[in-house]
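Protein chains: 2
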Amino acid sequence: MGCAVGQMASFSKTITETDVYGFAGITGDFNPLHVDAVKAEAGRFGERIAHGMLSASFISTVIATRLPGPGTIYMGQEVRFLNPVRFGDTITATVVIEELLDRGRVRLHTFVENQKGETVVDGYALVKLPRKEGEGENGEKSKQILGCHLQSRS
Amino acid sequence: MGCAVGQMASFSKTITETDVYGFAGITGDFNPLHVDAVKAEAGRFGERIAHGMLSASFISTVIATRLPGPGTIYMGQEVRFLNPVRFGDTITATVVIEELLDRGRVRLHTFVENQKGETVVDGYALVKLPRKEGEGENGEKSKQILGCHLQSRS
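Residue numbers (the working numbering), protein chains in the order written: chain A, 726 to 879; chain B, 726 to 879.
Take these hints with a grain of salt, some might be off.
Since copy identity is lost for identical chains, a pair holds within one copy or between any two.
To be verified - Derived SDA-like pairs (lysine to any residue); straight-line CA-CA distance at most 25 Å:
hint, residue 1, residue 2
1, K738, L826
2, K738, G750
3, K853, V760
4, K853, G727
5, K764, M800
6, K853, G801
7, K738, R856
Please keep in mind that the hints were generated in silico from the structure rather than gathered at the bench.
So here's chain A without its partners, still in its complex pose (with noise of 0.2 Å):
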């Protein structure tokens, strides 16, 4: 149950007004691209459109429930965002193992793409994986390192 470079999961969901509104409230993030249609209407994508951190949100879900999955400490992301998410996008974010780094650390490639394929946010993550505390050879207390979750792209 090792983690191995290229090893991949995702979490897909079609992003409704729902997600928007929701996001907008807790957030703060009343910008009238997100949530009025008539200024986004005359706007440069001629709609309302998803918050991007609630896109690269996603990331962080497929971080910490698949891949490496509960456990994983999240040090740090990067994103750009490339392309809108419109209201009935169906959109999935793929984490994919990239590099393993000293002392349990590990950089993930993380991207967020619509239903046609187009990345809208594309970036990296850097983790630590879980560990879990156990005995040393010589009965000292020691932490192994667990294994990632899943393996699979689902």
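Based on these hints, arrange chain B on the given structure of chain A.
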């Protein structure tokens, strides 16, 4: 009303169980660390904590609604998750103009602190300032870079 290095704006909110459960419902991130009081109590923080990406999302709130404000194009964000946000913590997301780049792009220092002044999220954003179409000197259409909407820490 131009943008200048050092201008800053902030947004504060007390993070509650309601926020965290709402965010979990929208994103699907039901990591026990956030929504299972029993498991979280046995974990490294001793209680449930907020999602890192929830705290990071308030950076987007400041950018989209205050500085530079509506019309800003959010190109990218990098964040490091440094400390947990516990239910009841009051966090303040702050954006500071760090560098004015070419083509209306601006590099922002972005960070989130808790009520004790501890940094919980730190990083940088790249944005493009809002532009307004207008008439150029020779009657051609030109785009004018609009200034920053807010200049003070609020």
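Now the hints, each set against the structure:
Taking the closest pair of Cα atoms, K738 and L826 never come within 25 Å of each other, the shortest separation being 31 Å inside a single copy and 36 Å across copies. In the homo-oligomer, the alpha carbons of K738 and G750 lie at most 25 Å apart both inside one protomer (20 Å) and across protomers (12 Å), since each shortest distance falls under that limit. Proximity of K853 and V760 under a CA criterion of 25 Å is satisfied inter-copy only: 21 Å between copies versus 37 Å inside one chain copy. With identical chains, the CA atoms of K853 and G727 are at most 25 Å apart within one copy only, with a shortest distance of 14 Å there and 42 Å across copies.
In this homomeric assembly, K764 and M800 come within 25 Å of each other (Cα to Cα) only across copies, at 21 Å, whereas the closest approach inside a single copy is 37 Å. Proximity of K853 to G801 under the C-alpha cut-off of 25 Å is found in both arrangements, the shortest distances being 10 Å within a copy and 23 Å between copies. Taking the closest pair of Cα atoms, K738 and R856 never come within 25 Å of each other, the shortest separation being 30 Å inside a single copy and 33 Å across copies.
Hint violations for this structure: numbers 1 and 7, all remaining hints satisfied.
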